[in-house]
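Based on the provided sequences and hints, a complete structural model is requested.
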Amino acid sequence: MLSHFGELRELRAAGWDGPAERTVLLDWRAGEGASGIDQGYDAIAASAVDLVVAQLSHNERGLPDPPQMLLFPGRWRGGAE
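Numbering (numbering that gives the first Met the number 0), first residue to last: 0 to 80.
Where hints are given, some of them may not hold.
[Unchecked claim] Using C-beta positions, here's what the derived DEER-type ranges look like: (1) Asp41 - Glu9: 22 to 28 Å; (2) Ala53 - Leu10: 23 to 29 Å; (3) Arg28 - Gly61: 31 to 37 Å.
Worth flagging that the hints you see were computed from the coordinates, not collected in a lab. Glycine is no exception: its CB is placed at the ideal position from the N, C-alpha and C atoms.
Spelled out as C-alpha cells, the structure:
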C-alpha cells in the first residue's frame with residue numbers, strides 16, 4: 000500500500016492490520032514499522048532558521064528578491080529503521 004502517514008493512522012484506527020512490510024509511506028515517520036521516504040524535516044527547519052537569521056543580521060525585511068528555494072533529497076528508510 001502506498002500512503003501518507005495520516006492515512007495509515009486512520010486505517011489502523013479503523014481496525015486495518017495490514018502487513019507493514021507491504022506498506023510504503025510518502026512521509027515516513029520513525030516507529031511506524033513501514034518503509035518510506037524520510038523528508039528530513041530537521042534539516043529543512045535548520046536551514047529555514049539560518050535563512051531568517053541571515054536576513055535579520057543584514058537588516059533585511061520582507062520576501063527575498065529573487066526568492067530562495069531550499070531543496071533537500073528524501074532518504075529511503077526501511078521498515079526496520
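How does the Cβ-Cβ distance of Arg28 and Gly61 compare with 31 to 37 Å: does it lie in that range? holds, 34 Å
So the hint says 22 to 28 Å: do the beta-carbon atoms of Asp41 and Glu9 match that? Since the Cβ atoms of Asp41 and Glu9 sit about 25 Å apart, the hinted range of 22 to 28 Å holds.
A range of 23 to 29 Å was offered for this pair. Does it hold for the Cβ distance of Ala53 and Leu10? violated, 42 Å
The earlier numbered hint that this structure contradicts is number 2, and it is the only one.
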